[in-house]
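Q: Sequence:
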Amino acid sequence: MKMYKLIPCPGHESSRKWWHFLFKSYPHPLAWVYASKTKFFVLLVLSVVALISPAMAQIGDINQSALAPLLQPSSRYTFLKFRQGVQLAPQELFKSYATVFGLTENDVMTLQKSDSDKLGFTHYRFQQVYKQIPVEGGEFIVHQKGGELTTANGRIVPKLNAETGNYIPADAALNYALRYINAKRYKWQLDRRLYPKPILVFTPVNVENGKNFNLAATNYRLAYKMDIYAAVPISHNRVYVDAYSGEIIRSMSLIQNCTNATAATLYNGNQTIQTELTAMGNYRLFDNCRSDGACGDVGGTIRTRSVLSGDLTNGTTNWTGVGASAHWAIEKTYDYYNCTFGRQSYDGANAVINAFINDNAFGRDNAFWDPGTNDMHFGDGGGGATTGAIVSLDVVGHELTHGFTQYTAGLVYSNESGALNESYSDIFGTAVEYYGQGGTGDYDIAEDMWIPGGKLRSMSNPNDKNQPDTYLGTNWYTGVLDNGGVHTNSGVQNFWFYLLSEGGTGTNDIGDSYNVTGIGRDNALAISYQALTYYMNSMDQYIDSRYATIQAAEDLFGACSPESYQVANAWYAVGVGGPVGDLWSKDRPDDTGDEPNNISSFMWGSEDIWVRRQNDGLTNQVHQNPEYRDPALGVPNYVYVRVRNRSCTSPGSGNVNLYWAKASTGLSWPSPWTGAVIGGLQMGNPIATLPTGSIAASGETILEFAWYPPNPADYSGAFGLDFSHFCLLSRIETSATAPYGMTFPENADLNLNVKKNNNIAWKNITVVDEAAGGGLTAAVAIGNYLEQERLRTKLVFSIPKEEKSPFTDIGVVRVALGDKLYKKWLEGDRVGEGIKVNNRGEIYLSQPTAWIGNIILSPQEVYGIKLLFDVKEKPLQDSIFRFDVTQYRTEGQRDSLVGGERFEINTNALLRRGKYQKQVSRQQASSQKAPEPVVNLPLKNEISTKAFPNPTSASATIQFYLPKAGNVELSIYNAIGNKVTTLVNGQQDAGYHEVLFQTDKLPKGIYFYRLHALGTNLVKRILLTK
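The sequence shown runs 1 to 1026 under UniProt numbering.
Because the hints were derived from the structure by calculation, they are not lab data. Honestly, I wouldn't trust all of these hints.
Claimed, not checked - Derived DSS-like pairs: lysine-lysine, alpha-carbon spacing no greater than 25 Å straight-line:
#: 1; residue 1: K113; residue 2: K95
#: 2; residue 1: K823; residue 2: K794
#: 3; residue 1: K794; residue 2: K836
#: 4; residue 1: K820; residue 2: K159
#: 5; residue 1: K159; residue 2: K95
#: 6; residue 1: K159; residue 2: K184
#: 7; residue 1: K794; residue 2: K820
#: 8; residue 1: K95; residue 2: K145
#: 9; residue 1: K866; residue 2: K836
#: 10; residue 1: K1026; residue 2: K1001
#: 11; residue 1: K197; residue 2: K159
#: 12; residue 1: K118; residue 2: K159
#: 13; residue 1: K118; residue 2: K184
#: 14; residue 1: K184; residue 2: K131
#: 15; residue 1: K824; residue 2: K794
#: 16; residue 1: K866; residue 2: K824
#: 17; residue 1: K118; residue 2: K95
#: 18; residue 1: K145; residue 2: K197
#: 19; residue 1: K145; residue 2: K159
#: 20; residue 1: K1004; residue 2: K1026
#: 21; residue 1: K118; residue 2: K145
#: 22; residue 1: K836; residue 2: K824
#: 23; residue 1: K184; residue 2: K113
#: 24; residue 1: K836; residue 2: K823
#: 25; residue 1: K184; residue 2: K197
#: 26; residue 1: K823; residue 2: K866
#: 27; residue 1: K118; residue 2: K131
#: 28; residue 1: K836; residue 2: K820
Stated by the list, open to error - Distance ranges between label pairs, derived from CB positions:
#: 29; residue 1: S858; residue 2: E148; range: 56 to 66 Å
#: 30; residue 1: S116; residue 2: E704; range: 48 to 58 Å
#: 31; residue 1: Y97; residue 2: G342; range: 54 to 64 Å
#: 32; residue 1: A559; residue 2: T164; range: 36 to 46 Å
#: 33; residue 1: K159; residue 2: G342; range: 35 to 45 Å
#: 34; residue 1: S846; residue 2: S114; range: 26 to 36 Å
#: 35; residue 1: E700; residue 2: E163; range: 46 to 56 Å
#: 36; residue 1: S858; residue 2: T218; range: 55 to 65 Å
#: 37; residue 1: L111; residue 2: A559; range: 22 to 32 Å
#: 38; residue 1: S513; residue 2: I702; range: 22 to 32 Å
Cβ atoms here follow ideal geometry from the backbone N, Cα and C, with glycine treated the same way.
Generate the whole structure from the sequences, applying the supplied hints.
A: Here it is in structure tokens:
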């Protein structure tokens, strides 16, 4: 059962591993800104949202980094796609762009191996090393062709900051591990090759959501890793021992039951095998001339023995029994990889293949691969689940593929990476069955000797054997047995492979209808081989296998090829990623349309939603905070939503629903979605629904919504502020029935819905009222909207690392907390860093990244804070400066992201000389795009207007700017819409203009001035107080 939180709209192993048994029995905005002569005042309020635990520490937006000019726009940190012509040595990628990847001076990316494939690509595998110690999970593969970088993929653990001295000796760690295993006898007492060799590694500790390791830097500990081989009772465990305390961090069994089926002579009749004539005049099962007429004589070596009697010998060349069956199946597996992919043996370097039969140490119905000795072991069968020895073609192919995986991706044998490991073995075990039987076979595993249900697993119908066919769907296992369900959750990729090979239609467990056209088994196998060999890393998850196979399909068949289309389509069918023809909008600049979006750290700043105060948003996509205007005037604001088509082969269409909601009341997202309004100011408040029309393949469209924003005065009281913060949310429906095109079922957690589904995009905004205090206003808050839980919170103020010229070079940032929030901070012992206390309730930021913390907020406790930017009077090289404010929930040593904002401070106009500087001193401003200008001064191609003073008790000056000459009408209207006077009516030159509005004959009240010029209408309010 999944648990969800109701949230408000927030603010602003070595390569040697155990791949073992094929089976085992287990239960299955934003800112109020007033610009005085050289100051900006920004009032910021951040709202608490659902607690997010990112799978990987965020280091910014790759498309905003120094690496961006080399990348295609669809790049993401875990999968980079380079533009054509990038000639950079793979090692230099990490040296030249270390900060982009979050690498410190203590990090080195070391080359582990390189391989060249038949397509002309060379693939370089790098391992992250921190202070000369490997970092598990820190792996990247760089791909090159013709001297140019093409792609790079993997994960790096950024910003590690750990000590590496004064740890316990290796022999002490071994003693801790031996006490933990507590065996009566160990295998190295018989074979010294198996003596444990503790090595230091940095390893992740906690598992996220019961599925995968949390690869955040704060989750890593220094540990000794070692393999412990026990003989009595028999076991093989990989044990991690804390290098300081001796605590057992985790132990992972590398032997898992795996009863498979189908055998050579036992199950496939008489077959030709290769044996060796010995000096004794008999024959043994030893093939050191493995060759095939179609593949050439490559001299591979296969040796099949019995654990009971050693070499299997025979007086003639006529063989029977289990040994002959296993020997033949191994030969067929070797031939398949050699003849199909040119790969000799499991390591690609023609290593000797050793196999043992009669190994019933884990029960008769078992088979496994031992990565410590690189041996295969097969049980005799007949233990209750099977009718014969476990040496069928698909079982033998499965086990030897574990060795292949060990020497390529090295997928860790637990959780999702372990499930993928098992699945790839099933995929190529099935391939060996078809190959060895001359093109006949099936998609069942171990069906030749399996009794219960006639098979162990079904790739075409995983549910038949209690496996999931949908990611996180029915039968998905979330416990700790079987190393996190590796033999259960493998069903998802198994079904993906079946659909990709043969095609199929249906509806998956999350309600998505699919229609996959099969591309043929051989093509599907070629894609799987390319992906596993060159694109997968040790701790990869299902979403990574999706990326890897899509890229492999593009390598083999070309971008936008039918094959690559169907790869993605089949993944959609099993609930991993969106449909290929999916319509989507960006959540954040680094969003590339993948579902779920595991990169974006917060989801409330979509660049595909923007607001304009006039209907010019098709050409001017700079976001403005909407301005409140009396609806009776008939002058709306306009909301623009960009909708993109992910498909590169087919058009798409649907409807877009646009909603607004108040941030302070929160968004309650019903499940399933019904379209109903939930409470007056809660969810709902629909603005409009518009059709997208047909969007061409790889195309996009922009929809324009007219909107009359709510009056800020009606909503601001809860914060004690003068203005109000709201959310805009767009929702693309590509189906008229539930789940309306959603890839993942919706629930009460809006942040999770946005992160998972491309259909939903979200933007925080501030509705402003120009008459309130002479400056633009915003309602944003730091607070706790949880109803029953106290929140320990931390506020981080930071300048993005990619900033070439930080704001602190040209100014000072002050934070006005207010008396109550300041008191809360004092009660928490004034915890913080990079700050100086100024007056009561106000702090200075003394370094580019500063924070205050240990602030305890009760349920529903909310405060507003002000940011004040003091700008020095000096020329600036850069006119826009970015500044981030982020709120975290603090739990022990871990921080969970709650909410945040990014501001862009536009200062070029502020420091201009002469008349315009005086005008700017009264210039109102807006903020919040992600990123967006805090001060939205007139652009050279944008009409603008401003009145000051406002409010006024006497006359007022109205200023306007024209980018080019044209006819202008500037008129004054009273509150009921009657024209009072016309101030300008005629041709005007380009540039800045001022006109005096005399108010001595007018009663006090609200008036509006309307500027009509160059086809644009601007209407603003002025308050006459008298």
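Q: If a hint holds in the structure, say so; if it doesn't, say that too.
A: Consistency of the hints with the structure:
no., hint, verdict
1, K113 / K95, "18 Å, holds"
2, K823 / K794, "15 Å, holds"
3, K794 / K836, "17 Å, holds"
4, K820 / K159, "35 Å, violated"
5, K159 / K95, "15 Å, holds"
6, K159 / K184, "43 Å, violated"
7, K794 / K820, "16 Å, holds"
8, K95 / K145, "20 Å, holds"
9, K866 / K836, "16 Å, holds"
10, K1026 / K1001, "11 Å, holds"
11, K197 / K159, "29 Å, violated"
12, K118 / K159, "37 Å, violated"
13, K118 / K184, "50 Å, violated"
14, K184 / K131, "37 Å, violated"
15, K824 / K794, "12 Å, holds"
16, K866 / K824, "16 Å, holds"
17, K118 / K95, "29 Å, violated"
18, K145 / K197, "38 Å, violated"
19, K145 / K159, "31 Å, violated"
20, K1004 / K1026, "6 Å, holds"
21, K118 / K145, "11 Å, holds"
22, K836 / K824, "17 Å, holds"
23, K184 / K113, "39 Å, violated"
24, K836 / K823, "16 Å, holds"
25, K184 / K197, "20 Å, holds"
26, K823 / K866, "16 Å, holds"
27, K118 / K131, "37 Å, violated"
28, K836 / K820, "18 Å, holds"
29, S858 / E148: 56 to 66 Å, "58 Å, holds"
30, S116 / E704: 48 to 58 Å, "52 Å, holds"
31, Y97 / G342: 54 to 64 Å, "34 Å, violated"
32, A559 / T164: 36 to 46 Å, "44 Å, holds"
33, K159 / G342: 35 to 45 Å, "41 Å, holds"
34, S846 / S114: 26 to 36 Å, "47 Å, violated"
35, E700 / E163: 46 to 56 Å, "50 Å, holds"
36, S858 / T218: 55 to 65 Å, "27 Å, violated"
37, L111 / A559: 22 to 32 Å, "28 Å, holds"
38, S513 / I702: 22 to 32 Å, "28 Å, holds"
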